[in-house]
Amino acid sequence: DQQVKQNSPSLSVQEGRISILNCDYTNSMFDYFLWYKKYPAEGPTFLISISSIKDKNEDGRFTVFLNKSAKHLSLHIVPSQPGDSAVYFCAAGGSNFGNEKLTFGTGTRLTIIP
Amino acid sequence: EAGVAQSPRYKIIEKRQSVAFWCNPISGHATLYWYQQILGQGPKLLIQFQNNGVVDDSQLPKDRFSAERLKGVDSTLKIQPAKLEDSAVYLCASSPFGGNSPLHFGNGTRLTVT
Chain A
3 DQQVKQNSPS
13 LSVQEGRISI
23 LNCDYTNSMF
33 DYFLWYKKYP
43 AEGPTFLISI
53 SSIKDKNEDG
63 RFTVFLNKSA
73 KHLSLHIVPS
83 QPGDSAVYFC
93 AAGGSNFGNE
103 KLTFGTGTRL
113 TIIP
Chain B
75 EAGVAQSPRY
85 KIIEKRQSVA
95 FWCNPISGHA
105 TLYWYQQILG
115 QGPKLLIQFQ
125 NNGVVDDSQL
135 PKDRFSAERL
145 KGVDSTLKIQ
155 PAKLEDSAVY
165 LCASSPFGGN
175 SPLHFGNGTR
185 LTVT
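These protein sequence lines are chains A and B, in that order.
Once you know that position 51 of the first sequence is 53 in this note's numbering, the rest is easy, because the numbers rise by one and skip nothing.
Once you know that position 63 of the second sequence is 137 in this note's numbering, the rest is easy, because the numbers rise by one and skip nothing.
Same shape as in the complex, but just chain A:
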């Protein structure tokens, strides 16, 4: 039962253009969402998060949008840079006190073409 889905295994985007990565979830108990970025042979690193009380969160070139009714979130990167080439994981969690368990998607490999 895949509760967090990233349906695009890969995405290629021209440098300077916008990259849009998508994520869908099925569990309505999820109330916070995160994006992680992973380079080869390294662990995932936190990129940006959003709580279910918001529908948008922005941090520099990165913006996450949340559509609760559609159970969908997306990560926008603009402008895309070569260093953004990595695997991006969407993760979701519930705010049970003391339990920060996250469920991860399968990842999307983003390639920025110079």
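Just so you know, the hints here were simulated from the structure itself, not pulled from any lab data.
If you're wondering where the values come from, they're calculated on a predicted model, not measured in any experiment.
Among the hints, erroneous ones may be present.
Claimed, not checked - From the structure, some residues in chain B lie toward chain A, with a derived Cβ separation under 10 angstroms:
#1 Y107
#2 Q111
#3 L119
#4 G180
#5 G182
#6 T186
Think of the CB as a built atom: it goes at the ideal place given N, C-alpha and C, for glycine as much as any other residue.
Please build the complex by placing chain B on the supplied structure of chain A, with the hints as guidance.
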């Protein structure tokens, strides 16, 4: 701030052998996690510790996997005996206690079972 340290980086063993992984979390982080990432999939939580107590081990195959976190700091994850399907990257992560704080991951241990 020093990151999450894991060792070894790589391990190759034969099936039915045993193996152990070590993790040192970020200083002061009360919560420690072990994740398993199989090739092409997202990280899956195996076990979560709060200080030296287990919070969630519902997805840990307890017939062969064990984990401990002595004195609420370092942690070890052991597999005995290993199976071919245990081939994966084992990621350790830590976070401060409470709230929806992002996880900080180590670089992982890549295990190959032959």
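Tested hints:
no.: 1; hint: Y107; result: holds, 8 angstroms
no.: 2; hint: Q111; result: holds, 8 angstroms
no.: 3; hint: L119; result: holds, 6 angstroms
no.: 4; hint: G180; result: holds, 5 angstroms
no.: 5; hint: G182; result: holds, 5 angstroms
no.: 6; hint: T186; result: violated, 14 angstroms
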